[in-house]
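S.K.: The primary structure of each chain is shown beneath.
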Amino acid sequence: MPRLTYNIAMVSDFFFPQPGGVESHIYQLATKLVDRGHKVVVITHAYADRKGIRYLTNGIKVYHVPFAIIYRSATFPTVFSFFPVFRNIMIREQIDIVHGHASLSSLCHEALLHGRTMGLRTVFTDHSLFGFADAASILTNKLLKFILSDVDHVICVSHTSKENTVLRAALDPVMVSVIPNAVVSENFRPRKYPPEPPAPNNGFGNATPAVHHLGPNDPVVIVVISRLFYNKGTDLLTASIPRILENHPNTRFIIAGSGPKSIDLEQMIEQNVLQDKVEMLGSVRHEQVRDVMIRGHIYLHPSLTEAFGTVLVEAASCGLYVVCTAVGGIPEVLPGHMTVFAKPEEDDLVVATGKAISALRANKVRTEKFHDQVKAMYSWDNIAKRTERVYKGIMGDIPEADFYGYDVGNTAAWNGESHSGVRSFALIDRLKRYYGCGVWAGKLFCLCAVIDYLLFVFCEWVFPRDHIDIAADWPRKIYHSDDDD
Amino acid sequence: MAGTGMRQSVVGPYSTLTPAAVLPLDHLTTSPRSSRSHLAPEDAFNAASPPRRSGGFDHSSNNNNNNMKSKFGSRSRSRRRKRNWKKILWVKQSYPDNYTDQTTFLDSLQRNPRLQPYEFWPLVADTTVIVQQVCSVTIFVVCFVGIFTERVSPVAVVGWGSFATFVGWAVWDWWVGQEGEDEVLQRQNSHRSRGAWQPRQDGGSANSTTAPTTPSAASSVTNLGSTERTTSQGNLIAMRSQHGGSVTSLHSNVSHTSRLLDPQDGLRHRPSSPLRRGRATLRLSTIKSASLIYFTILGLSPILKSLTRSTSPDSIWAMSFLLLAINIFFFDYSGGVGVKFPASLSTNAALMASTVLASRLPSTGQVFSLTLFSIEVFGLFPVFRRYARHRSWRYHVTLTVLLTVGAGGGMGLILGEGEMDGLLGVLVRAFIVIVAMGASSWWLIGLQKYKNAMNGPWDQARPIIISRRQWEYD
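Residue numbers (UniProt numbering), protein chains in the order written: chain D, 1 to 485; chain B, 1 to 474.
These are calculated hints, taken from the structure and not from any lab test.
Yeah, the Cβ is synthetic: ideal placement off N, Cα and C, and Gly gets one too.
Treat the hints with caution; some may be incorrect.
Stated by the list, open to error - Quick look at which bits of chain D chain B covers, simulated, 3 or more residues with Cβ under 8 Å:
| no. | region |
| --- | --- |
| 1 | 123-132 |
| 2 | 159-169 |
| 3 | 450-459 |
To be verified - Derived Cβ-Cβ restraints for the label pairs, each shown as a range:
| no. | chain 1 | residue 1 | chain 2 | residue 2 | range |
| --- | --- | --- | --- | --- | --- |
| 4 | D | F463 | B | P113 | 52 to 58 Å |
| 5 | D | K443 | B | K86 | 40 to 46 Å |
| 6 | D | T140 | B | E119 | 32 to 38 Å |
| 7 | D | A401 | B | S108 | 28 to 34 Å |
| 8 | B | G336 | D | E266 | 46 to 52 Å |
Work out the full structure, taking the sequences as your base and the hints as a guide.
M.R.: So, in structure tokens, the structure goes:
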């Protein structure tokens, strides 16, 4: 039986050339899915002069749709104006699955709505955590509820993120999968790691890297790489550094990153005369992160909120001992022998860092093993495989009972409706789902859905399907080893 | 049916969670869940969600319980029972990615964690601050109408107003003086006890004498005073804030003194001497700035008089209504006594309203009176009210009653004709105030049942930072 492959469209406002976590997530996932024989196109908005279609490595086609950018490279939410172009791309590329990323991307939300109207399966990946209190969150949550009430499946990057999304969008938990981020571990090798994997002819000669002990007089170097914003816990950092240095004089700090809080850090350095102990590098590019990390022994991450914390995995992969605040999804990310957790309190952070320093001084932490362990934990191949399972599930290629974990036939008989996992495309069913979103919002959402449908019918009439050229595909890669579990 | 019971019990008035919310799942799990205080996954749907099956895993009714259990368990439970699911990402677990663990899902969700249920009478008591502000604004408007219709002499308004302000200031000054002395003593005690674990302070400074510290404290007071005087040369708003600022300058003075004094353990005699001197300076500067305000307004009155001559009266009424509404809505009702610039938007709006209203008046004397009166009412009176509330609840209530009577009587007089109308106004006003206080409190308590704050690990953590103070002030 031939392997089932799909045509997938990844939609997000956030994509290269802009750097960032979501961007590289989409790229890495797309690459690995192409390796598995799928066809992937990425749809994003135009960045400066980067308009039209570009090709990336591995035959990923990127559509840069020209749209106005309003805030932090998110497009203006026009709801419907994207539809004609979107429909054109979907038909050209014969897309089966629309996969949107990032809950602050309006392009993604629009694509999911239009995708459902066109009768495509949709998946949404949530990369962030939101509270329920402030006005911005309330608005985003309402919008998310609108979009997700008719999405086929949701992917979250951590269990905490899943709980959050389930609450925010009132979803059925079985519709939400947890698939973490990963790192390209080849890009995050420790300092003394053998540079290239040994040639295949000398067997498994991958010798364990040399154990490097910390001498009694060597300074412990603590690395901090984060954007210097309030929510990254820079205030905690500013308060803790003098105390850590007071307790452990033979310690150095390297801080990379920029942001509004960097002025506080600089002030702290000057007031405590720590210029020779704290080095501030300013912002570093993602490919330089490894070079900064391998200069240190401990990675300190004082963030106040974090859905996953890819940087922690990167740091551990570089062989750093990780000290981090136990917030959001962070406690799920790394095992206990790689991390020291602190409460988001100054005292606790100082204590935890002290603990980490003395553990390193006592050479109790086998940091040289971290790289191989992390490599085994997080790889994009694995992520792509798990994402593929989601695609199979929503396309009906995995039996529903298997995918959703219970007897579906009984449920259907139970309340006369197909269960919430398999979403019917019939407009009336979609309207039913939207209507439940709220007293006023439900009606508004229904209106949007109806207009979207009319727009779809109009497009079908004005730009008939058979007038749209079908794009020629790259030859599909053939993926052989499919070791199930 | 269990499912409906679950839905109804999702949101209770002050409930953390009723056991009923987790009851329907009992037949599925072996562990007793009735003691749990968190939600089941199904509770993520609220009652308003679209009609669908009642839950993820509990669609069985009790009669085919065993049958369903086996079917259900065919996937997620029994077949993969060998290892328990863990909430971690770094190991490959033998569960599908969309597996939802019934026992731990939403374990850390807290609902209304910091809910303090309101009680009726304290709430009613708290509304008095709002009543006071509304009544002050009413009195101001009444005075304006009185002057505008030439029923009241502007000199009488400003005369009584100024007299009341002076009395208020004297009382306030007395209170502040008392307070300051108490505070110095208290701080000394607390600092002495705290000195035990502050290693920096018990060191070398114990030998130093009082002589260098006292003058420095005094000079800091005069410095504060002089800077205030220089800043207060400008507009009227700065004038007002100067008075408000004098409270804080006194406070900072107090804290300054105590901080300078506290290392010297032996120093206990005459802690208030720099304070007294400071207060004398302060009084002097207050009188100076008051006279400055007086003469500035006097000088500005002719200009203010013709300020809005070209604007139609309707716009002025609408605008001043809006501005006074802003004053009421943005007033700092919660502010304590030491707030530096309490609700500057509110005060500025009120002063602008008074300026605009004053420009409608025909004579310079009237303009002057109204402007001065507005500064007294909106700038200085709140300071006094705050202190009165801080000092004693009885003062506060008395003041509220007086203001209500004044506002009601004034309204009656300007709307009606004779003195009986004034009395009627008082009665009507008192009735409205009491009803409004009760009704609004009752309404707020009623609204509490809609409160549904959800907190969990996804919320941004609040960092606890202690030593910031240390490096900021050293």
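S.K.: Each hint needs a verdict: does it hold in this structure or not?
M.R.: For each hint, the structure was consulted:
no. : hint                          : result
1   : 123-132                       : holds (count 4)
2   : 159-169                       : holds (count 7)
3   : 450-459                       : violated (count 0)
4   : D:F463 <-> B:P113: 52 to 58 Å : 54 Å, holds
5   : D:K443 <-> B:K86: 40 to 46 Å  : 43 Å, holds
6   : D:T140 <-> B:E119: 32 to 38 Å : 35 Å, holds
7   : D:A401 <-> B:S108: 28 to 34 Å : 31 Å, holds
8   : B:G336 <-> D:E266: 46 to 52 Å : 34 Å, violated
Violated hints, in rising order: 3 and 8; the structure is consistent with all others.
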